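J.: So the protein lines, in turn, are chains A and B.
If you're matching positions, the first sequence starts at 2 in my numbering and goes up one per residue.
If you're matching positions, the second sequence starts at -3 in my numbering and goes up one per residue.
Just so you know, the hints here were simulated from the structure itself, not pulled from any lab data.
Warning: the hint list may mix true and false statements.
In silico DMTMM-like links for lysine to aspartate or glutamate, alpha-carbon gap of 25 Å or less [unchecked claim]:
| hint | chain 1 | residue 1 | chain 2 | residue 2 |
| --- | --- | --- | --- | --- |
| 1 | A | Lys23 | A | Asp57 |
| 2 | B | Lys63 | A | Asp102 |
| 3 | A | Lys58 | B | Glu89 |
| 4 | B | Lys(-2) | A | Asp102 |
| 5 | B | Lys52 | A | Asp102 |
| 6 | B | Lys105 | A | Glu83 |
| 7 | A | Lys53 | A | Glu76 |
| 8 | A | Lys58 | B | Glu(-1) |
| 9 | A | Lys58 | B | Asp74 |
| 10 | B | Lys63 | B | Glu(-1) |
| 11 | A | Lys53 | A | Asp31 |
| 12 | B | Lys63 | B | Glu11 |
| 13 | B | Lys38 | A | Asp86 |
| 14 | B | Lys52 | A | Glu83 |
| 15 | B | Lys38 | B | Asp74 |
| 16 | B | Lys38 | A | Glu76 |
| 17 | B | Lys38 | A | Asp102 |
| 18 | B | Lys(-2) | A | Glu83 |
| 19 | A | Lys53 | B | Glu89 |
On a predicted model such as this, the values are computed, not experimentally measured, just so you know.
Now for the letters of each chain:
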Amino acid sequence: AAGVIQSPRHLIKEKRETATLKCYPIPRHDTVYWYQQGPGQDPQFLISFYEKMQSDKGSIPDRFSAQQFSDYHSELNMSSLELGDSALYFCASSFRQGAGDTQYFGPGTRLTVL
Amino acid sequence: QKEVEQNSGPLSVPEGAIASLNCTYSDRGSQSFFWYRQYSGKSPELIMSIYSNGDKEDGRFTAQLNKASQYVSLLIRDSQPSDSATYLCAAPEQGGKLIFGQGTELSVKP
Chain A
2 AAGVIQSPRH
12 LIKEKRETAT
22 LKCYPIPRHD
32 TVYWYQQGPG
42 QDPQFLISFY
52 EKMQSDKGSI
62 PDRFSAQQFS
72 DYHSELNMSS
82 LELGDSALYF
92 CASSFRQGAG
102 DTQYFGPGTR
112 LTVL
Chain B
-3 QKEVEQNSGP
7 LSVPEGAIAS
17 LNCTYSDRGS
27 QSFFWYRQYS
37 GKSPELIMSI
47 YSNGDKEDGR
57 FTAQLNKASQ
67 YVSLLIRDSQ
77 PSDSATYLCA
87 APEQGGKLIF
97 GQGTELSVKP
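Next up, chain A with everything else stripped away, as it sits in the complex (with noise of 0.2 Å):
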């Protein structure tokens, strides 16, 4: 079965940098998550969309933005790094049907600043 798709696996940037994170979801799942995983911290929920609209936000920094596009893929940018952005990002996807739908994780991005 199609599974959530993240690009890149892996990411080191400097800090000031910016980087962008790609999520593609699962085929006809139309809600996208994502979270952040510090180590040894559970993950943490940044931001989500529903149909290509934000639906939700987190304890995400004004550095970050993000949004869905017309295929559902969605993207993370994040502007201005620092140290304390190294971390696992996740994107997950469900569909929605109503309160706690099932979301599937992707392989995530590690993403270390310099």
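We have chain A already, so just place chain B on it with the hints.
T.: Chain B only, in chain A's frame:
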């Protein structure tokens, strides 16, 4: 914001034993819960979802939900070394975002 609490462990069990992972949550209105398995450096992998009081079985895994006690658990029968991972309990908030517990690290010793 709802809270989801897990014992961080590590929980160590011998191969073939039953591993019991526990999770409590603060929001009495929560309707659904998810257990994810996460190997180090990898993404969370869905193990079980549970929506109703009682037990739900899938192979060697059984999820138990007690809404009155605000408690959800995951039992792993015949534990294998390959089950060694961090297990994350999660509940959705309004809008669907998942709130995770801090995870329980399970180690299955051969």
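J.: Now tell me if each hint is right for this structure.
T.: Hint by hint, here is what the structure shows:
1. A:Lys23 / A:Asp57: 18 Å, holds
2. B:Lys63 / A:Asp102: Holds, because 19 Å separates the two Cα atoms, which is no more than 25 Å.
3. A:Lys58 / B:Glu89: 12 Å, holds
4. B:Lys(-2) / A:Asp102: 17 Å, holds
5. B:Lys52 / A:Asp102: Holds - the C-alpha atoms of A:Asp102 and B:Lys52 are around 17 Å apart, at most 25 Å.
6. B:Lys105 / A:Glu83: 40 Å, violated
7. A:Lys53 / A:Glu76: 11 Å, holds
8. A:Lys58 / B:Glu(-1): 18 Å, holds
9. A:Lys58 / B:Asp74: Violated: A:Lys58 and B:Asp74 sit about 41 Å apart, past 25 Å.
10. B:Lys63 / B:Glu(-1): Judged against 25 Å, a Cα distance of about 15 Å means the pair holds.
11. A:Lys53 / A:Asp31: With Cα atoms ~8 Å apart, A:Lys53 and A:Asp31 stay inside 25 Å; holds.
12. B:Lys63 / B:Glu11: 31 Å, violated
13. B:Lys38 / A:Asp86: 18 Å, holds
14. B:Lys52 / A:Glu83: 44 Å, violated
15. B:Lys38 / B:Asp74: The given pair, whose Cα atoms are some 24 Å apart, holds under the 25 Å limit.
16. B:Lys38 / A:Glu76: Measuring from Cα to Cα gives roughly 20 Å; hence the hint holds.
17. B:Lys38 / A:Asp102: 22 Å, holds
18. B:Lys(-2) / A:Glu83: 29 Å, violated
19. A:Lys53 / B:Glu89: 20 Å, holds
Checked against the numbered hints listed earlier, the structure breaks hints 6, 9, 12, 14 and 18; every other hint is satisfied.
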